[in-house]
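Visitor: In the order they appear, the protein sequences are chains A and B. Just so it is clear: in the first sequence, position 59 is 59 by my numbering, and no numbers are missing. Just so it is clear: in the second sequence, position 234 is 234 by my numbering, and no numbers are missing.
Treat the hints as calculated values from the structure; they're not laboratory data. What you are looking at is a predicted structure, and each value in this text was computed from that prediction instead of being measured. Hints may contain errors.
In silico contact screen, one side only, chain A against chain B (beta carbon under 10 Å); selected entries [claimed, not checked]: (1) Ser8; (2) Ser10; (3) Leu43; (4) Ser52; (5) Val92.
Ranges between beta-carbon positions, derived for each pair [what the hints assert, rightly or not]: (6) B:Gly340 / A:Thr19: 47 to 57 Å; (7) A:Thr19 / B:Pro375: 52 to 62 Å; (8) B:Ala418 / A:Thr22: 18 to 28 Å; (9) B:Leu189 / A:Thr81: 46 to 56 Å; (10) B:Leu483 / A:Thr135: 52 to 62 Å; (11) A:Val100 / B:Asp350: 52 to 62 Å; (12) B:Ser408 / A:Glu33: 39 to 49 Å; (13) A:Trp152 / B:Leu189: 38 to 48 Å; (14) B:Val425 / A:Glu33: 35 to 45 Å; (15) A:Trp32 / B:Pro375: 54 to 64 Å; (16) A:Trp32 / B:Phe478: 15 to 25 Å; (17) A:Trp152 / B:Ile125: 29 to 39 Å; (18) B:Leu482 / A:Arg58: 13 to 23 Å.
By construction, the Cβ of each residue, glycine as well, lies at the ideal position given by its N, Cα and C atoms.
Read off the chains here:
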Amino acid sequence: MTPRKEISSSLVLVLFSLTFLTYTTRYPLDDWESPGPAVFPLLLGGVLLLLSSWQLIRAVTASKAPIHAKVKGSMMIALKTFFHDNKGEAKVLILTAMLVLYILIMQWIGFFVSTFLLVILSSRLMETKDWLRPTALSLGVCLFCYYLFVGWIKLSLPQGIFF
Amino acid sequence: MSEQGILSYLLIAFQPANFISCFIGAMIGTLIGVLPGLGPAAAMALVIPLTLKLGPTAGLIMLAGIYYGSMYGGSTTSILVNVPGEPASVVTTLDGYKMAKKGRAGAALAIAAIGSFIAGTVSVIALQFFAPLLARTALAFGPAEYFALTVLGIVLLSSMTGKSKARSLIMMMTGLILSTVGMDPIGGLERFSFGIETAQGGISFIAITTGLFGIAEVFEVLAAREKPLEILPVKFRELYPNRKELRRSAAPIARGSLLGFLIGLLPGPAATMASFASYGMERSISRHPEEFGNGAIEGVAGPEAANNAASGGAMIPLLSLGLPFTPATAVLLGGMLLHGITPGPFLLRDRPDVFWGVIGSFYLGNAMLLILNLPLVGIFAKLVRVPSRYLMPVILVLCTIGTYGDNSALFDVWVMLAAGVIGYVMRKYGYQPAPLVVGLVLGPVMERSFRQTLIISGGRVESLWESPLCMVMWGIAFLAVLLPIVIPRIKAGLKRDC
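The following block holds chain A by itself, in its conformation from the complex (with noise of 0.2 Å):
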């Protein structure tokens, strides 16, 4: 892992236990003889705090003359870099929009029509060349489904206008 990383997710550790331990204050603490709901969530607060602390001022102290040497390349380099390197991401990106729109559109279409839409468009996504496999896969998952899930196990799935 890059010094830059350690770094900010060390930091997002530090913000996440201060924020953690902040909002426990809301809870009552009581006494040793009774301890109240927030003695427990405070400690682990506290010990995540002292360690994601322990860890960033160690990458801090461990990163410095790698990081200055770095940042001498121009701008450009440094971006068109992180683009060839992350390219991959564009594509989790839409896969978590394409799942936030499955789970909000499943309460209104149901669960087996908006399943359907997704398995084409994630196969789709994880570059499939045509349309017809990805439906072929998408009708026998949504059988499959149907026949174990509902059939068999009597699981009660989201039903919306269409099925």
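Following the hints, put chain B in place on chain A, whose structure we already have.
Guide: Leaving out everything else, chain B in the frame of chain A:
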């Protein structure tokens, strides 16, 4: 009770109705274990209404079949697609998946099945003969001992992902923090649920694990710039472990069986803890610890044996004390009560047919699972060669169904997606999800025992470590922290002197 009497009760499992129930339970369990997300607890809860028609013995045999069948099946998806079917198989992903990537998926699956069979049988024999004695030992654990045990577990398990102890501990703390969401286990006060009704019962364990492992895996495959490793076609015979692999697996299976059974007697997520503890032990005593995490067969054999032995061991407190220490045994307890059976010290006296019938079904079920699993190894291994563009959408759907099916709540699906995104980012930044899962499971036990100890002792903090059992566990925990720091320094000092 005479041995003949016990034998006749054990044979109850072989009666046609019980035999068929055992087979169906083991099949459903394997299927549930294979499917990522849908865990044994959720599956058992769904099947309980159906078992009511079968009567107590056949019904409970079917539920027990689902329980240990899922332990067998859980390893399959861990090895083939890096998605643990259930929490106890999380550790199998570390080496099992790496073995699959090297084209040894069949060998890993076969070793997991053989190890599970041996460990399952060992645990049932031990369960049958040592149940009363071991149950008394388990009874000696009070809240202070439970707390010391969870602390010891966290310390020992912090080195499980190998690269950084600090990161493992950070992930465990995050898991423990997530476990505090929902009702406070002592006073019942609602915490960190932000008014969301579904979150009041706590964050869904299934949603978190499915997201961290299943969805994050799909993202990772999608983002990978290089093509996923294609496994070369191999002959059916070559899917089985070779002599070297069998030889290397024998001792880890034996150690895993013993360790798993002993951990199974203790409260908490026994199967999960046992698999991680076995992995840590195998790694620490191995002559080639660098192979762990890169496809070491010992990393599959030991944990798989341990989690199956633990699931047998966990039946002792359930059957003899009426104490469910895992979510799955809690559901099993619910099933028993619905069948009019009250587990506890009187179960053996009042309903020996049920007690020994269920234990007898363990023998039968283990044999069935081995017979079922070994021939199916080839079919499971073929799954690896299914292109990810077809497999990943299917995983997305199964994860969604598994998560939604747990509570019938869309909120859990949102949690799963969030856990998936976070899990993906975590992997990118070198944080492993497995310690977080351990923290999430241990959290409720740890908090309850911590607060109960203080309440019982009237606020005396020293009561957390003053009993002999606690002292031993705290002592081991301190040694586990100190020794890795002290030993290298001593070694370095000795080298300098030389």
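Visitor: Give a verdict on every hint.
Guide: Results of checking the hints against the structure:
no.	hint	result
1	Ser8	holds, 8 Å
2	Ser10	holds, 9 Å
3	Leu43	holds, 8 Å
4	Ser52	holds, 6 Å
5	Val92	holds, 5 Å
6	B:Gly340 / A:Thr19: 47 to 57 Å	holds, 49 Å
7	A:Thr19 / B:Pro375: 52 to 62 Å	holds, 53 Å
8	B:Ala418 / A:Thr22: 18 to 28 Å	holds, 21 Å
9	B:Leu189 / A:Thr81: 46 to 56 Å	holds, 51 Å
10	B:Leu483 / A:Thr135: 52 to 62 Å	holds, 59 Å
11	A:Val100 / B:Asp350: 52 to 62 Å	holds, 54 Å
12	B:Ser408 / A:Glu33: 39 to 49 Å	holds, 41 Å
13	A:Trp152 / B:Leu189: 38 to 48 Å	holds, 40 Å
14	B:Val425 / A:Glu33: 35 to 45 Å	holds, 42 Å
15	A:Trp32 / B:Pro375: 54 to 64 Å	holds, 59 Å
16	A:Trp32 / B:Phe478: 15 to 25 Å	holds, 23 Å
17	A:Trp152 / B:Ile125: 29 to 39 Å	holds, 35 Å
18	B:Leu482 / A:Arg58: 13 to 23 Å	holds, 20 Å
Going down the numbered hints, you'll see the structure goes against none, and every one checks out.
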